[in-house]
Amino acid sequence: MGNVPRQITAILLLLTGWLTFTSGSSALPATTAINQLHHKSWMIADGAPADVWALAQGPDGYMWLGTGAGLFRFDGTEFERIVPANNVQFLSIDITAVFAAPDGDIWIGYSGGGLSRLHNGELTNYEVDNRKTHWMVLRFARSRDGTMWAATERGLMRFDGTEWHIIGEDWHFPAESANWVEAASDGSLWVGDGETIHVLEPGARVFQPTGLRTGRAAFAEGRGGRVWVLDSYHGLTSISLATRTVERPMADAPAPPQFSPNYIAVDEDDTVWGTDLTRGGLFRISDPASVAGGGAGLFLSAVENFQLEDGLTSNIAVPILVDQSDQLWVGTNMGIDRLSRQFFVTESSVPPTSRYGFRAVFSKDREFILDSTSIYRLRDNRQIEAIADMPGQLSCAMIDSKSNLWIGVRQGLWQLTADDRIVAVPLPQGLSNTRVNALAEERDGSLLAIIYREGVFRYSRDDWSRVLLPEETREAVPGGLFVTPDGSVWMSLRDGRLLLIDSHDQQLFDRSSGLDIGAVYGIHQVGGHLLAVGEFGVARLEGRQFNTLPPQKIPPARGITGLAVSPDGQVWLSTISGVVRVSASELIAAFEKPDFRPASELFTVHDGLPGVAQQSYSDTASISQDGRIWFTTNHGLAWHDLSFEIVAAAPVPVRLKSVIANGVPFAPTESMLLPDDTTQLSVSYQSLNLSSPERTQFRYRLGDDNQPWVDVDTARLIEFSNLGPGQYSVSIEATSEAGIWLGPTERLTFVIPPTFFQSKWFFLTVFLAGLGLAFSAYLMHLRLVADRIKTRMEGRLAERERIARELHDTLLQGFQGLLLRFQSVGDRLPEGSEGRRSLEAALERADDVLQDGRDRVSFLRGEEGPVDLANTLSDLAADILGNRLAWSINVTGNSSLIGSQIADDIAQIASEAMWNIIRHAQAGNVQISVNFQRSNVTISIADDGIGIPPETRKNWRRKGHYGLVGMRERAMKLGAKIQILDTKPKGTEIRLSMPL
Numbered sequence: 001m002g003n004v005p006r007q008i009t010a011i012l013l014l015l016t017g018w019l020t021f022t023s024g025s026s027a028l029p030a031t032t033a034i035n036q037l038h039h040k041s042w043m044i045a046d047g048a049p050a051d052v053w054a055l056a057q058g059p060d061g062y063m064w065l066g067t068g069a070g071l072f073r074f075d076g077t078e079f080e081r082i083v084p085a086n087n088v089q090f091l092s093i094d095i096t097a098v099f100a101a102p103d104g105d106i107w108i109g110y111s112g113g114g115l116s117r118l119h120n121g122e123l124t125n126y127e128v129d130n131r132k133t134h135w136m137v138l139r140f141a142r143s144r145d146g147t148m149w150a151a152t153e154r155g156l157m158r159f160d161g162t163e164w165h166i167i168g169e170d171w172h173f174p175a176e177s178a179n180w181v182e183a184a185s186d187g188s189l190w191v192g193d194g195e196t197i198h199v200l201e202p203g204a205r206v207f208q209p210t211g212l213r214t215g216r217a218a219f220a221e222g223r224g225g226r227v228w229v230l231d232s233y234h235g236l237t238s239i240s241l242a243t244r245t246v247e248r249p250m251a252d253a254p255a256p257p258q259f260s261p262n263y264i265a266v267d268e269d270d271t272v273w274g275t276d277l278t279r280g281g282l283f284r285i286s287d288p289a290s291v292a293g294g295g296a297g298l299f300l301s302a303v304e305n306f307q308l309e310d311g312l313t314s315n316i317a318v319p320i321l322v323d324q325s326d327q328l329w330v331g332t333n334m335g336i337d338r339l340s341r342q343f344f345v346t347e348s349s350v351p352p353t354s355r356y357g358f359r360a361v362f363s364k365d366r367e368f369i370l371d372s373t374s375i376y377r378l379r380d381n382r383q384i385e386a387i388a389d390m391p392g393q394l395s396c397a398m399i400d401s402k403s404n405l406w407i408g409v410r411q412g413l414w415q416l417t418a419d420d421r422i423v424a425v426p427l428p429q430g431l432s433n434t435r436v437n438a439l440a441e442e443r444d445g446s447l448l449a450i451i452y453r454e455g456v457f458r459y460s461r462d463d464w465s466r467v468l469l470p471e472e473t474r475e476a477v478p479g480g481l482f483v484t485p486d487g488s489v490w491m492s493l494r495d496g497r498l499l500l501i502d503s504h505d506q507q508l509f510d511r512s513s514g515l516d517i518g519a520v521y522g523i524h525q526v527g528g529h530l531l532a533v534g535e536f537g538v539a540r541l542e543g544r545q546f547n548t549l550p551p552q553k554i555p556p557a558r559g560i561t562g563l564a565v566s567p568d569g570q571v572w573l574s575t576i577s578g579v580v581r582v583s584a585s586e587l588i589a590a591f592e593k594p595d596f597r598p599a600s601e602l603f604t605v606h607d608g609l610p611g612v613a614q615q616s617y618s619d620t621a622s623i624s625q626d627g628r629i630w631f632t633t634n635h636g637l638a639w640h641d642l643s644f645e646i647v648a649a650a651p652v653p654v655r656l657k658s659v660i661a662n663g664v665p666f667a668p669t670e671s672m673l674l675p676d677d678t679t680q681l682s683v684s685y686q687s688l689n690l691s692s693p694e695r696t697q698f699r700y701r702l703g704d705d706n707q708p709w710v711d712v713d714t715a716r717l718i719e720f721s722n723l724g725p726g727q728y729s730v731s732i733e734a735t736s737e738a739g740i741w742l743g744p745t746e747r748l749t750f751v752i753p754p755t756f757f758q759s760k761w762f763f764l765t766v767f768l769a770g771l772g773l774a775f776s777a778y779l780m781h782l783r784l785v786a787d788r789i790k791t792r793m794e795g796r797l798a799e800r801e802r803i804a805r806e807l808h809d810t811l812l813q814g815f816q817g818l819l820l821r822f823q824s825v826g827d828r829l830p831e832g833s834e835g836r837r838s839l840e841a842a843l844e845r846a847d848d849v850l851q852d853g854r855d856r857v858s859f860l861r862g863e864e865g866p867v868d869l870a871n872t873l874s875d876l877a878a879d880i881l882g883n884r885l886a887w888s889i890n891v892t893g894n895s896s897l898i899g900s901q902i903a904d905d906i907a908q909i910a911s912e913a914m915w916n917i918i919r920h921a922q923a924g925n926v927q928i929s930v931n932f933q934r935s936n937v938t939i940s941i942a943d944d945g946i947g948i949p950p951e952t953r954k955n956w957r958r959k960g961h962y963g964l965v966g967m968r969e970r971a972m973k974l975g976a977k978i979q980i981l982d983t984k985p986k987g988t989e990i991r992l993s994m995p996l
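Residue numbers (full-length UniProt numbering): 1 to 996.
No wet-lab data here; the hints were simulated from the structure. Check before you lean on any hint, since a few could be wrong.
Here are the computed distance ranges between Cβ atoms for each label pair [what the hints assert, rightly or not]: (1) R158 with R248: 42 to 48 Å; (2) T714 with K593: 32 to 38 Å; (3) D444 with Q507: 28 to 34 Å; (4) S624 with R355: 22 to 28 Å; (5) L779 with R934: 26 to 32 Å; (6) R158 with S624: 54 to 60 Å; (7) E475 with S372: 39 to 45 Å; (8) E475 with M43: 21 to 27 Å; (9) Q258 with D186: 20 to 26 Å; (10) G966 with S993: 17 to 23 Å; (11) S363 with M43: 17 to 23 Å.
Straight-line C-alpha distance at most 25 Å; calculated BS3-like pairs for lysine-lysine [unchecked claim]: (12) K973 with K954; (13) K973 with K984; (14) K954 with K977; (15) K973 with K790; (16) K954 with K986; (17) K954 with K984; (18) K402 with K364.
Using N, Cα and C, we set each Cβ at its ideal position, and we do this for glycine too.
Given these sequences and hints, build the entire structure.
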């Protein structure tokens with residue numbers, strides 16, 4: 001608003017809508033002072049917008065703020081400026097009225113006139129009278145039939161579903177302006193025009209005057225079918241919805257007015273809340289019926305104020321609203337404020353600091369609170385009054401069975417008698433002005449006291465006597481004294497031991513007795529069980545032994561200095577972490593069942609506690625007669641009304657706010673296609689919690705429901721890095737205020753397509769290229785190998801040709817010359833002589849040898865082609881065995897030709913085998929077999945001789961002989977397998993198996 005004074009004046013007429021509390025038990029209680037309610041504020045420095053002129057809460061729970069800077073939505077954590085999705089501009093940024101309809105539409109009114117509707121994020125603007133003059137929209141209302149109404153400086157307006165129209169004489173509404181409009185539960189519509197109030201009955205089209213003269217007024221429906229009306233002249237009164245009459249006459253108006261109501265709202269307790277332009281700030285009328293009709297003076301005498309000095313963001317407070325969770329919201333020119341009844345109430349009647357701590361001691365008849373300076377008494381009306389000064393530096397306190405209050409101080413012992421007299425009690429002789437650290441009453445009414453550095457004493461019949469303790473405890477420092485319901489007195493020692501003090505028995509408990517909770521701060525009875533509480537947890541007495549509860553069963557249960565059991569069977573533990581509540585039955589079951597973990601709740605400063613448990617040997621948890629449980633903390637006292645229970649609303653499902661991929665923001669949708677080069681992703685989200693958003697925790701998981709959850713505490717941003725192409729699913733879940741994972745989860749599904757260099761086509765191309773390169777390399781390798789083999793073979797062939805030439809030119813030619821000379825000699829011998837016949841036979845054999853030599857020369861030159869192995873072996877046997885032995889050859893399978901070089905090596909092996917048979921075997925028969933198979937050939941030469949000695953067969957040699965060795969070497973050269981086998985009943989078999 002450009003003109004602030006004009007705006008403030010106009011705001012007098014702004015009367016915003018109100019929402020009633022949902023539960024009477026959880027409404028803002030009138031019996032609690034305003035300053036005992038939990039106050040939370042959001043100022044400009046916290047991100048709140050300035051100049052908050054209108055408040056509304058949508059059916060989804062979000063808070064809508066109409067401000068001088070535009071429209072905002074608030075989830076309890078962040079103020080979100082609303083930008084219409086259809087790019088339509090608001091008529092103005094100065095918004096003075098906001099209404100959240102049940103269908104989710106948001107209606108908006110402006111300081112300079114005009115109205116808008118936000119539907120599913122898209123804005124539609126409506127102008128009336130072409131905005132020829134400036135007229136402020138002050139308030140919206142929706143009647144029971146769904147019709148929208150607006151109170152404006154231009155008059156009362158009605159929306160017909162398409163356009164807004166000014167209501168005039170045809171409706172019998174004569175006023176030229178309307179500053180208030182309120183839709184009542186009976187279907188009637190109430191309108192204030194600054195001078196009087198008009199009513200439109202359900203279904204009617206004619207307004208009826210009420211005749212009620214008000215001046216500027218604000219009104220709201222309360223309980224019991226009445227409308228509360230507040231104006232600056234008459235104060236507060238009410239109109240009956242049933243009779244349409246003023247229930248109490250309005251007192252004469254004072255002059256000038258002493259206050260100017262801006263807004264009012266009525267909660268379920270019929271408490272009236274409002275804002276005041278004249279005096280500023282927020283006010284409350286706890287009992288409006290008592291001041292109704294009494295005039296402005298009586299009204300002002302009854303109001304409770306909450307202003308800037310009390311913590312309000314500003315005294316320029318305009319709209320107020322009671323939300324769906326029974327919290328009061330106030331808008332100011334500096335931000336917004338929230339007042340709520342939390343689980344615990346800090347007692348404001350007692351200072352929050354006390355040098356020597358606090359004590360709360362309650363009995364059936366008397367209840368006291370003590371701090372370093374004063375003694376306070378709790379009255380029946382829940383009022384606390386200081387009745388006496390503290391007589392010294394507070395150490396301990398107790399109430400005995402006669403309702404006397406005993407106070408131990410640094411300077412001695414005092415008693416507040418039943419008639420409120422403070423009396424000094426003398427200490428044992430010689431111990432005056434000595435600190436009394438602990439007090440307890442025995443069964444017979446005697447008083448036990450721990451006197452600093454002196455030990456334990458008994459006070460009975462005005463006389464002191466020392467209590468004798470076991471020898472092993474006399475060097476220990478006493479801590480506290482505790483009395484159980486059966487009258488037993490226990491004393492804790494600061495070293496963690498516990499002593500039962502009884503007139504008939506004294507028993508000491510320590511770690512060997514199962515007591516392992518550090519310093520013991522209290523002994524309490526829970527469901528018939530005796531429990532010790534202390535530094536490190538809880539232990540239960542079982543017979544004459546303690547059973548210490550494992551700390552992981554109730555993790556917050558540490559530093560326990562107080563325990564109380566409420567009538568509903570709940571155990572309240574005052575701990576260094578806060579207050580822990582656990583069912584008594586579950587707590588006992590935790591001792592009896594090793595795997596059982598009791599359900600527990602932890603209450604902290606977020607629930608209204610001013611601090612954590614005071615660490616002392618005095619009980620810090622007590623229940624007063626009015627049904628409140630009290631806790632003494634390190635920063636004041638707090639109490640909880642046991643009849644009151646806040647039912648924490650379940651947060652709405654998590655709502656995605658934005659997705660940022662590689663620094664570029666995207667609007668989140670159910671399924672998203674992100675850029676193909678995305679590697680970094682940020683996901684921001686929120687979960688509505690207007691009560692205590694700081695307690696909402698989140699967790700997420702990446703992948704399907706089988707993946708583990710990742711806790712992120714209260715963070716509302718998740719960041720992912722090093723993402724690759726693929727389809728992803730992110731699930732996000734939030735807790736309730738009680739820390740329970742509620743579900744359902746919000747799921748974000750997104751796809752990151754691969755870049756070309758990440759696509760399967762690229763990898764296929766790379767694979768094929770790699771395959772081609774590998775194949776090319778393989779071909780090159782083959783070519784190189786072939787070239788090396790060719791070179792080697794050419795060299796070998798050249799060498800063989802050289803050898804063949806040498807053999808032919810020297811040995812064979814010389815041998816041929818010798819044969820011719822022998823032939824010449826033979827021709828000279830007589831025809832038919834024995835000598836000539838022998839020589840001719842030798843010459844024939846020599847011709848065979850010569851022919852064999854020529855064959856060898858041909859072989860060396862590589863001129864031989866494939867040969868028939870069976871024929872070669874048959875010719876070899878005929879030549880070697882001849883008529884010397886009986887022999888036969890057997891060929892099976894499909895005979896195939898074999899390379900001459902291979903056949904020659906096989907023939908050499910077979911030749912050696914046959915000559916060995918002739919020379920060594922003493923055989924009579926030789927069986928040669930050739931078995932052709934698909935991939936190999938097997939040659940067997942078997943005889944029926946005397947066999948080969950085992951040593952020779954094993955070593956493949958006999959001294960001075962190398963035939964067997966040569967056979968094996970040739971077989972290895974061929975890649976064949978050669979064996980020496982025995983035949984039955986006698987003989988030897990040489991078996992050669994070679995792949996083809």
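Hints and how they fare:
no.	hint	result
1	R158 with R248: 42 to 48 Å	violated, 32 Å
2	T714 with K593: 32 to 38 Å	holds, 33 Å
3	D444 with Q507: 28 to 34 Å	violated, 20 Å
4	S624 with R355: 22 to 28 Å	holds, 25 Å
5	L779 with R934: 26 to 32 Å	holds, 30 Å
6	R158 with S624: 54 to 60 Å	holds, 55 Å
7	E475 with S372: 39 to 45 Å	violated, 32 Å
8	E475 with M43: 21 to 27 Å	violated, 58 Å
9	Q258 with D186: 20 to 26 Å	violated, 33 Å
10	G966 with S993: 17 to 23 Å	holds, 18 Å
11	S363 with M43: 17 to 23 Å	violated, 46 Å
12	K973 with K954	holds, 20 Å
13	K973 with K984	violated, 30 Å
14	K954 with K977	holds, 15 Å
15	K973 with K790	holds, 19 Å
16	K954 with K986	holds, 18 Å
17	K954 with K984	holds, 19 Å
18	K402 with K364	holds, 11 Å
Checked against the numbered hints above, the structure breaks hints 1, 3, 7, 8, 9, 11 and 13 and satisfies the rest.
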